[in-house]
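S.K.: Each chain, letter by letter, is given below.
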Amino acid sequence: MNVLVFILLSLLKVAVVTVIFLTAVAYTVLLERKLVGRIQNRWGPSRVGPFGLLQPLADGIKLFLKEDLMPDEVARPLFILAPIIALSCALISIGVIPFGENIRWHGVDMFQIADLNIGLLVILGVTSIGVYGIALSGWSSNNKYSLLGSLRSTAQMISYELALGLSVIGVVLRTGSLRLRDIVNVQNTHGILSWNIFGGLQLIAFFIYLTAAFAETNRTPFDLPEAESELTAGYHTEYSSMKFAMFFMAEYANMINVGCVATLLFLGGWSSPFGNLLPALGGPVMQALLPVFWFVAKVFCFLFLYVWVRGTLPRFRYDQLMGFGWKFLLPLAIANVMVSSLALAFRG
Amino acid sequence: MHLALFIIFGLMCLGGAANLLLQRHPINSALSLIVVMSSLAVLYLLLGAEFLALAQIIVYSGAIMVLFVFVIMLLNAGEEERTHGSRAAYLAGIPGVMALFAVLTSTFFTLRTSFGSARLGGFLVTTEDLSRVLFRNLLLPFEVASILILVAILGAVVLAGKER
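Protein chains in written order, with my numbering: chain A, 55 to 402; chain B, 1441 to 1604.
Heads up, some of the hints might be wrong.
[To be verified] Sample of chain A residues with no beta-carbon within 12 angstroms of chain B, all distances over it, derived:
#1 Pro-131
#2 Thr-181
#3 Thr-366
[To be verified] Derived lysine to any residue pairs resembling SDA-like cross-links, with alpha carbons at most 20 angstroms apart:
#4 Lys-198(A) x Ile-1467(B)
#5 Lys-381(A) x Ala-1600(B)
#6 Lys-198(A) x Met-1513(B)
#7 Lys-381(A) x Ala-1596(B)
#8 Lys-381(A) x Leu-1594(B)
#9 Lys-120(A) x Ile-134(A)
#10 Lys-381(A) x Leu-1590(B)
#11 Lys-198(A) x Val-1597(B)
#12 Lys-198(A) x Ile-1593(B)
#13 Lys-381(A) x Val-1598(B)
#14 Lys-198(A) x Val-1511(B)
#15 Lys-381(A) x Ile-1593(B)
#16 Lys-381(A) x Val-1597(B)
#17 Lys-198(A) x Asn-1516(B)
Because the hints were derived from the structure by calculation, they are not lab data.
Backbone N, C-alpha and C define an ideal beta-carbon position, used for all residues, glycine too.
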């Protein structure tokens, strides 16, 4: 294998995935505004471009051209470092996520940037580092709303990380591997029936993962860190221009990451819901791209669910949030681990 | 390649540790400790212990240090004053540290042949290997350690509940 070709193709792959990912982040914002608009019986953004499709571009230009304000009494290095940590942690996770079958071209995996033995752990680790972005932003801003927002967010993320980590154990037990490709390969034999959520009997784990993921990404009904009626904007109150945009992008990038991980772990990844019932249509290119289509479709459904929940549910109270996490989700997750491992030990 | 990475992250680890002691603000010290923990994780990875490396990141850099930072933020600890320290510490401390360093170095050099060696990179301890050792050969120590942690948790709960 030619080393130069390998390096060039890998760089190209990283560039393409990053560009697609950032575009997806921008259009997730538009999707949310449009859908919440329709849920609230209004149009949402509709002026820039056809159906408001160029709105993300306009928003980006606006944020880029805004004046970058920095208050006097902030802890400068940390104030600048915080949004960088938040965004880079959100962008790293996409590097280990496989989008399609393992198809090699010049020895380079086409649909995954890095295939790691411990891909699942890498995602959990990067998520746990991402907390610092929010914690430091609130502390360095020297503003009580920011500090309260980031304290709430940190406490919430620590509490729900436990349930999140325990909820994926059932899936790992069934697969016997932490490699994301192995986790999907176990699920793609009989279509929807062998997905972990049904065939692996991980419906409860999926519920736990879903709830914990909503809390981890600070989304409604767990968006207390930025409860605008109490804390103005929470941890990013003092941020403006691109620094604010970086937090904003990190939040939506995390939503997409969580959607990708949920798809891989519970919804069969890139495998078709019909299994082998569908005839193999088209040529090899079509056969390579069809799994990517299924993957994107599943992630889209997940993002739709995110927005739907935001348009439907009210916000939790803080003690309810903590009680729900520690007294309900965590015991349920432990029980799920025990039942899953007993079932697996009994079966084989 | 492996050696270069080892040197870079080893220096980063030492630099972080020195910065941890020199910084006057608790939050900067806590952040340096995170750098130390994370570069240790990279060193584990270089030695082929992939699960240990990620466990180090998730548990130490991710969970324990977040709690440290959280407490510092919650107490809003300010900058510490730099003190000169006691005379006794200077008189006894510096020779003591030097003597300890000398003893350790001489012991290390005399026993160098019997330590065996660890290679950088080139091999991998997979999670399966690790769990096989942990849950078959070392099952009793593992369970004893888990009971120890359980006792510590109960102790923390009792101590925290006493105030009310």
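S.K.: Check whether the Cα positions of Lys-381(A) and Leu-1590(B) lie no farther apart than 20 angstroms.
M.R.: Given pair Lys-381(A), Leu-1590(B) holds - Cα atoms ~18 angstroms apart, limit 20 angstroms.
S.K.: Check the hint pairing Lys-198(A) with Val-1511(B) against an upper bound of 20 angstroms on the C-alpha distance.
M.R.: holds (16 angstroms)
S.K.: Are the Cα positions of Lys-381(A) and Ile-1593(B) separated by 20 angstroms at most?
M.R.: holds (16 angstroms)
S.K.: Please verify whether Lys-198(A) and Val-1597(B) have alpha carbons no more than 20 angstroms apart.
M.R.: violated (30 angstroms)
S.K.: Does Val-1598(B) lie within 20 angstroms of Lys-381(A) when you go C-alpha to C-alpha?
M.R.: Measuring from Cα to Cα gives roughly 18 angstroms; hence the hint holds.
S.K.: Is Thr-366(A) truly not at the interface, in the sense that its beta carbon sits beyond 12 angstroms from all beta carbons of chain B?
M.R.: holds (31 angstroms)
S.K.: Has the given pair, Lys-198(A) with Met-1513(B), been kept, meaning a C-alpha gap of at most 20 angstroms?
M.R.: Holds: Lys-198(A) and Met-1513(B) sit about 11 angstroms apart, inside 20 angstroms.
S.K.: Assess, step by step, whether the Cα of Lys-120(A) is no farther than 20 angstroms from the Cα of Ile-134(A), and give holds or violated.
M.R.: holds (17 angstroms)
S.K.: Against the 20 angstroms threshold, does the CA-CA distance of Lys-198(A) and Ile-1467(B) hold or violate the hint?
M.R.: holds (17 angstroms)
S.K.: Tell me if the straight-line CA distance from Lys-381(A) to Val-1597(B) falls inside 20 angstroms.
M.R.: Satisfied, since the Cα-Cα distance of roughly 15 angstroms is no more than 20 angstroms.
S.K.: Over 12 angstroms to the closest beta carbon of chain B is the bar; see if Pro-131(A) clears it.
M.R.: It is violated; Pro-131(A) is separated from chain B by about 9 angstroms at its closest Cβ, not greater than 12 angstroms.
S.K.: Is Thr-181(A) truly not at the interface, in the sense that its beta carbon sits beyond 12 angstroms from all beta carbons of chain B?
M.R.: Contrary to the label, Thr-181(A) does not stay out of reach of chain B, its closest Cβ about 8 angstroms off (not over 12 angstroms).
Hints 1, 2, 11, 12, counting from the list given before, are not met by this structure.
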